[in-house]
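There are 2 protein chains.
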Amino acid sequence: MRWHHDCVKKTAPAQFPILPELADRWSPVAFSPRAVESEKLQRIFEAARWAPSSSNEQPWSFVAATSDDPEAFERLADCLVPGNAWARKAPVLALSVARTVFAGTATPNRHAFHDTGMAVGNLLAQATAEGLMVHQMAGYDVEKARRNLSLPANHEPVAMIAIGYYGEPTPAQREREERPRTRKPIDQFVFSGRWGKPLW
Amino acid sequence: MRWHHDCVKKTAPAQFPILPELADRWSPVAFSPRAVESEKLQRIFEAARWAPSSSNEQPWSFVAATSDDPEAFERLADCLVPGNAWARKAPVLALSVARTVFAGTATPNRHAFHDTGMAVGNLLAQATAEGLMVHQMAGYDVEKARRNLSLPANHEPVAMIAIGYYGEPTPAQREREERPRTRKPIDQFVFSGRWGKPLW
Chain A
1 MRWHHDCVKK TAPAQFPILP ELADRWSPVA FSPRAVESEK LQRIFEAARW APSSSNEQPW
61 SFVAATSDDP EAFERLADCL VPGNAWARKA PVLALSVART VFAGTATPNR HAFHDTGMAV
121 GNLLAQATAE GLMVHQMAGY DVEKARRNLS LPANHEPVAM IAIGYYGEPT PAQREREERP
181 RTRKPIDQFV FSGRWGKPLW
Chain B
1 MRWHHDCVKK TAPAQFPILP ELADRWSPVA FSPRAVESEK LQRIFEAARW APSSSNEQPW
61 SFVAATSDDP EAFERLADCL VPGNAWARKA PVLALSVART VFAGTATPNR HAFHDTGMAV
121 GNLLAQATAE GLMVHQMAGY DVEKARRNLS LPANHEPVAM IAIGYYGEPT PAQREREERP
181 RTRKPIDQFV FSGRWGKPLW
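In order, the protein sequence lines correspond to chains A and B. Here the first sequence is numbered in the numbering used here, starting from 1 and rising by one per residue. Here the second sequence is numbered in the numbering used here, starting from 1 and rising by one per residue.
Check each hint, because a few of them may be wrong.
[Claimed, not checked] To list a few chain A residues with every Cβ distance to chain B over 12 angstroms, as calculated:
id: 1; residue: Pro-33
id: 2; residue: Gly-167
id: 3; residue: Gly-196
[Said to hold, decoys possible] Some, not all, of what chain B presents toward chain A, calculated at C-beta under 8 angstroms:
id: 4; residue: Phe-45
id: 5; residue: Thr-116
id: 6; residue: Ala-129
id: 7; residue: Ala-138
id: 8; residue: Asp-141
id: 9; residue: Ser-192
Note that these hints are calculated values from the structure, not bench results. From a predicted model like this one, the values you see are computed outputs, not experimental measurements. Quick reminder that beta carbons are idealized off the backbone N, C-alpha and C, glycines included.
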């Protein structure tokens, strides 16, 4: 791992080789206040746009705010739990939102959160390719987000998302940032033919 | 678009340029029976492994079966709705599964489906890089999948996933396969500071 604003490497210790845009993604807490270029934001949301979805419903939306619009930024930052105050330093905050019913029929869309997650998966890969860091948070006030951002009915706040360039961690942040990335081994979640029997 | 088993291009008409692994992904119905190399399957599930998740919970699992194990394959194929019978020709079927409670506390994990979607997003990007096609389906019998694959409590079937190489479409399939890929314009789902105000 290198401490440099433009080059922070914390590549996944993958058992099998994977795309660098997937291996190099991680979720920091030390963001630089440096603004994100509009072209980069356009490309990461464009990436989200092309995710697949059940019946091509595209149930995802994003409400974003940049720190150069303090009033809008505060409507998002205001929802963060105190433990996520680090995210206020990021130059972009966004809330992912899922429409929980199909637009055409108003029946529940069982895959609304799932498909929103796939769109965000695309966004993350594109962001990593752009040299951007992204950190999603479940730690925010869902009801406050709904109110602050005037979400319509049948739309559910999903995750708060900090986007930006890597910054200099404070001494208190450094331990967390240096912690190795860990995952379950593949035989604990990929099964063959029935639950619990490892594929490999 | 070119009709060739190893090279089917249906690149997204993206408004802003995005990674080829995202732009070139689409969901065909014409699969070749050609087997998928184990190394490629390992890499696509490894890609899923490194997705982020709320509290690093990694709520996703996959139950996969290859057509060379007909009994296991049938336990998955048996769940498909008639309209998805095309998926029986794919050499690999898998069910994505979300654990709906946190392992440590047994409290509901609001992001279980979302985080499973992010893991699948990684899988899709890696599969595209490997020259594989993936088509997910909501059209399957959820309760039958739960029984056929002996899913434990607090685990929910998410999507049925066909994985393989591209095949030759039947005349009846050709119209669907040639249909252009469409998405909402970006100003309909990326907002600035509050719901409904386009960021661009």
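**OP:** Of all the hints given earlier, name the ones this structure violates by number, lowest first.
**Re:** 3, 8
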